[in-house]
Amino acid sequence: TPTTTTPTTTTPTTTTTPGETLGEILGRAEGVTSVKYDMQITAPGVQTITTKIWMKNNKMRTEMTVEGETTVMLIDIDTQTMYMYMPAQNMAMKMTFEQPESAMEEAQSIPDYNPTIVGTETIDGKVCLVVEYTVEGATAKMWIWKEKGFPIRVEMTTTEGKTIIEYKNIEFADIPDSMFELPEGVEIMDIPGM
106 TPTTTTPTTT TPTTTTTPGE TLGEILGRAE GVTSVKYDMQ ITAPGVQTIT
156 TKIWMKNNKM RTEMTVEGET TVMLIDIDTQ TMYMYMPAQN MAMKMTFEQP
206 ESAMEEAQSI PDYNPTIVGT ETIDGKVCLV VEYTVEGATA KMWIWKEKGF
256 PIRVEMTTTE GKTIIEYKNI EFADIPDSMF ELPEGVEIMD IPGM
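Residue numbers (my numbering): 106 to 299.
To be clear, the hints were calculated from the coordinates, so they are not data collected in a lab. Everything numeric in this text was worked out from a predicted model, so none of it was measured. By construction, the Cβ of each residue, glycine as well, lies at the ideal position given by its N, Cα and C atoms. Errors might be hidden in some of the hints.
To be verified - Listed next, the in silico DSS-like pairs over lysine-lysine satisfying Cα-Cα at most 27 Å (straight line):
no.: 1; residue 1: LYS246; residue 2: LYS199
no.: 2; residue 1: LYS199; residue 2: LYS267
no.: 3; residue 1: LYS164; residue 2: LYS267
Said to hold, decoys possible - Simulated DEER-style distance windows between Cβ atoms:
no.: 4; residue 1: ILE154; residue 2: THR239; range: 21 to 31 Å
no.: 5; residue 1: THR227; residue 2: ASP295; range: 16 to 26 Å
no.: 6; residue 1: ASP183; residue 2: GLY290; range: 41 to 51 Å
no.: 7; residue 1: LEU287; residue 2: TYR218; range: 15 to 25 Å
no.: 8; residue 1: VAL151; residue 2: GLY173; range: 29 to 39 Å
no.: 9; residue 1: GLN145; residue 2: THR227; range: 14 to 24 Å
no.: 10; residue 1: GLY128; residue 2: THR227; range: 20 to 30 Å
no.: 11; residue 1: GLU241; residue 2: THR147; range: 34 to 44 Å
no.: 12; residue 1: GLY224; residue 2: MET284; range: 35 to 45 Å
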């Protein structure tokens, strides 16, 4: 009796390795409760800015030094408090609370922009999934560290040019709670209207 074979069609997937879809890679960052990293922003016509960031649960600390002056932001999402602390003056100002976006949250929002996976690249010894997407009229490209689901580099191209955000010195370590608190003896100024 003659046998007929029906051709099998397979739906193309983004990658062939198990556990390598964008959702699964991003899912690897969900259990992270404590991380420290440097964020370096290079934008057209602006001096490169490096910000040190510490995150633990719902607390965040950022440190930026501009022209020799260090400014520290201490943010507590649970209590919705935010302080700008100037160590050189031993002074802090209570600010209007703004919900910050971490590198991980930025990566987690990628699926909302209908991204296209363009391949894999290794940056700084880290194998990254490279995705492209459009956000608010800008073309964006993100390199996501496959092992940790953490972004390593973002390029945003607008009419003004290309802005590059690089995440470096990433450490998944337990950060002491004291990093998110104002030191004792700091003068706290309340700004009217804040």
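Comparing the hints with the structure gives:
1. A C-alpha spacing of about 36 Å is found between LYS246 and LYS199, which places the hinted pair above 27 Å, so the restraint is violated.
2. Proposed proximity of LYS199 and LYS267 is contradicted: the alpha carbons are some 34 Å apart, above 27 Å.
3. Taken as a hint, the LYS164 and LYS267 pair is broken in the structure, with Cα atoms around 31 Å apart against an allowance of 27 Å.
4. The supplied range of 21 to 31 Å is met by ILE154 and THR239, whose beta-carbon atoms lie about 25 Å from each other.
5. In this structure, THR227 and ASP295 break the distance hint of 16 to 26 Å, their C-beta atoms being roughly 49 Å apart.
6. Checked against the hint of 41 to 51 Å, the C-beta distance between ASP183 and GLY290 comes to roughly 25 Å, which is inconsistent with it.
7. For the hinted restraint 15 to 25 Å between LEU287 and TYR218, the CB-CB distance of approximately 37 Å leaves it violated.
8. Distance hint for VAL151 and GLY173: a CB-CB separation of about 18 Å, inconsistent with the stated range 29 to 39 Å.
9. The hint said 14 to 24 Å for the Cβ distance between GLN145 and THR227, and at roughly 19 Å that hint holds.
10. Distance hint check for GLY128 and THR227: the Cβ-Cβ separation is about 22 Å, which falls inside the suggested range of 20 to 30 Å.
11. Under the hint 34 to 44 Å, the C-beta atoms of GLU241 and THR147, about 20 Å apart, miss the expected range.
12. Range check, GLY224 to MET284: Cβ separation about 37 Å, and the 35 to 45 Å hint holds.
This entry does not satisfy hints 1, 2, 3, 5, 6, 7, 8 and 11, going by the numbered hints stated previously.
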